[in-house]
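4 protein chains.
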Amino acid sequence: MAEDENRAIPEETNKEAPKCQTLHESMELLTKHIEQALKELDLNSVSEMLDEILGAKSIFVMGTGRSGLVGKAFATRLMHLGLRVYVVGESTTPALRSGDVVVAISGSGETLSIVDLGRVVKKIRASLIVVTSQPDSTLGRMADKTVRIFGRAKNGKGDYLVQHLLGKYAKLSELAPLGTTFEITTLVFLDAAIAELMVRMGKDSKALEDMHDKLQ
Amino acid sequence: MAEDENRAIPEETNKEAPKCQTLHESMELLTKHIEQALKELDLNSVSEMLDEILGAKSIFVMGTGRSGLVGKAFATRLMHLGLRVYVVGESTTPALRSGDVVVAISGSGETLSIVDLGRVVKKIRASLIVVTSQPDSTLGRMADKTVRIFGRAKNGKGDYLVQHLLGKYAKLSELAPLGTTFEITTLVFLDAAIAELMVRMGKDSKALEDMHDKLQ
Amino acid sequence: MAEDENRAIPEETNKEAPKCQTLHESMELLTKHIEQALKELDLNSVSEMLDEILGAKSIFVMGTGRSGLVGKAFATRLMHLGLRVYVVGESTTPALRSGDVVVAISGSGETLSIVDLGRVVKKIRASLIVVTSQPDSTLGRMADKTVRIFGRAKNGKGDYLVQHLLGKYAKLSELAPLGTTFEITTLVFLDAAIAELMVRMGKDSKALEDMHDKLQ
Amino acid sequence: MAEDENRAIPEETNKEAPKCQTLHESMELLTKHIEQALKELDLNSVSEMLDEILGAKSIFVMGTGRSGLVGKAFATRLMHLGLRVYVVGESTTPALRSGDVVVAISGSGETLSIVDLGRVVKKIRASLIVVTSQPDSTLGRMADKTVRIFGRAKNGKGDYLVQHLLGKYAKLSELAPLGTTFEITTLVFLDAAIAELMVRMGKDSKALEDMHDKLQ
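Chains as they are written, first to last, in our numbering: chain L, 1 to 216; chain V, 1 to 216; chain W, 1 to 216; chain S, 1 to 216.
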């Protein structure tokens, strides 16, 4: 680690206390976490998720808080791919129907409103894919498919892998508070899934650019 | 890389064509990019940004599209820290005043509406911090402070570092289309900045949890 | 009605079939509905609602779909008044606490996610005010205070007053489909409540203008 | 008016100062304003707006603040009608193209970001419809079509009609501060336009209900 720090901190500030040391440690932890969590991804479940998305009439994405923001970022790219995609709660999101696929993002798998909407999804007989750190959660158990992201959920469950990998950090929850590792890893995973979908759909970067919102 | 792949792909699927190969390559590229871009961060400019945030009466965050989502994720954590923070465009965002700090997120630094609002910020004599891949852009040049994120902006500028580091990928823009590397790196950077702010403010993870929205 | 039509439709088009006749009828119905529903308002319950809002530490507004949009429009004005107000689901909304007041807007009083969040509100021992056409609904029954708006909820309940008043319109639900009358009447009521709060707080229009978001 | 007040205020409170008198006056003003402003609508321009909407490949709605919320409420209903509609700034809004129609809502017609986006709309050669109180504004002048709503814009322009009609209210801006009359009247007008579109498209209330978002 000493070596890394030498690289990151400019020499002229090296004699005093290093600037932004916690920022530096947090970035190291987050990067390692992403790297490890992505290696642990079950590619079979990922591949099935992508098949479902490609076979869906419409795709609906849902999540609350920062997980909801990650979901919106994914939905934006699915739209760039030319897929019919909606974010639950936005103004022009239509009725969900059988044949549609819902991607729910919840680290703990216990987010109240998402669990409730999950029940509605099942009742409508749409397909429910859950991206979560807790496949055994209420939401995980009602899913048609789950993709497990090794991240610490807000409630602290799921820490064991993180602790094991990154044991040297005594202050894990201070370097990546609440659901941070889950949210970041999920964003990276979903963006990589977009790259995979581009290949499967024969789309290039230019095709996505053409779909990009011009009113910004 | 062969070694990595062996770890990531379960043995029973190893004999056929590897599953989700593009996903795998994209995750590798994104992880390396985050790692490298964070090492390239100018910690002096980061430290000044954090000083401004801590000294602000109110903090306003703005961005469009996926950069706007990253901004919202940052704003959520600033609120968890107990800071007075608003997202430009949300329903209860009040008038900006002198003494406030605006954090604008734009990979290209040329996003039309953000550039225009940047002008209003300067007129009101609030402080403008720009997180961008292009400090020489219109937005970068009007900023009081810039933090440079080495990411490819949507318009393809800024590729050189990425190309240099990750040269083996012929299809860079297919593995991380449009502003993906900027958006992801910025999210990780801003989350690490939250960890740094926690230390500076003497807050622990429990304090953030107490502020977390309960109506989800 | 013939008289009204003569006034509204310019003479030169009067000889042909009148332009936008349904628009015209719908506007007449909506205007009459607003007028009548506002007369039916129970001012005691309104006054108690305003007392609660003025006594709250923070005010939280929640609703889904178009009721949620009406709630956001109300929240914007409460912010203009200088009150501490948040919209449930926005990025910087903090934890609800005892001593806070939640204003829930739901025509039917049965909106799944709002009913669920209502239970959380009660558990936290914050005050729950429900603006609804159905005070006997699940949400209405759990409220600390309700304000009844005579509007047709999406499920068609509550029609009786509307039918009685506006009986001549055979096609009521075609002139104001789904929750339209509830949503419009609630917006007008809440905007009038803002005028009342201005007087009680000694604020004038200029004070509100000063708080108005400048980054638009 | 005395008669109205007797009806609205319960007898037991009648002896003291009337409850919520400003609320009552504001509701009366708002109702009269809606009624009058709708009578003043130019049905030819409305009819042309509806023709454009029905002929559009896709419809985009834009506005900021409370005008933006009114736009979202309109967009929700256009979606219920089965039209292809997007709200500018939402996550899954695609690129605007020639052949599309943009409905911009701005009381003053001078809202900075909407004016800027209006220029982009013209450059893309999409059709720009502006709903405004100020057809002579920057936005109004660049529009392909305008629909004039007699409401007071935030900047106070356009008051003359309101003052003329409702002259007895000395405190007009206190009973309906900022853009209130514009926003409310526009919502009622656009909801009446939905009723007109239902007839033109042969849709009934049931068809709209079927499209209504079930995940709430």
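Fair warning: there could be bad hints in the mix.
Identical chains blur together in the list; that is why a pair holds if it fits in one copy or across any two.
[What the hints assert, rightly or not] Derived pair list, reagent style EDC-like, types lysine to aspartate or glutamate, alpha-carbon separation capped at 16 Å:
id	residue 1	residue 2
1	LYS145	ASP42
2	LYS39	ASP100
3	LYS123	ASP51
4	LYS19	ASP42
5	LYS214	ASP100
6	LYS214	GLU52
Hints were generated in silico from the structure; no laboratory data involved. Note that this is a predicted model, so its numbers are computed, not measured.
Should LYS214 paired with ASP100 be assigned to within, between, both, or neither, using CA atoms and 16 Å as the limit? Only across copies: LYS214 and ASP100 sit 13 Å apart there, 28 Å inside one copy, limit 16 Å.
Checking an output row: LYS145 and ASP42, CA cutoff 16 Å. Within, between, both or neither? within (12 Å within a copy, 42 Å between copies)
Up to 16 Å CA-CA - GLU52 versus LYS214, copy category: neither (29 Å within a copy, 21 Å between copies)
Could you place LYS39 and ASP100 in one of the four classes (within, between, both, neither) given a Cα distance threshold of 16 Å? Answer is neither; intra-copy 30 Å and inter-copy 42 Å both fail.
Within a copy, between copies, both or neither: which one fits LYS19 and ASP42 at a CA-CA cutoff of 16 Å? The answer is between: 10 Å across copies meets 16 Å, while 38 Å in one copy does not.
Is it within a copy, between copies, both, or neither that the alpha carbon of LYS123 lies no farther than 16 Å from that of ASP51? neither (22 Å within a copy, 39 Å between copies)
Comparing the model with each earlier hint shows violations of hints 2, 3 and 6; every other hint is respected.
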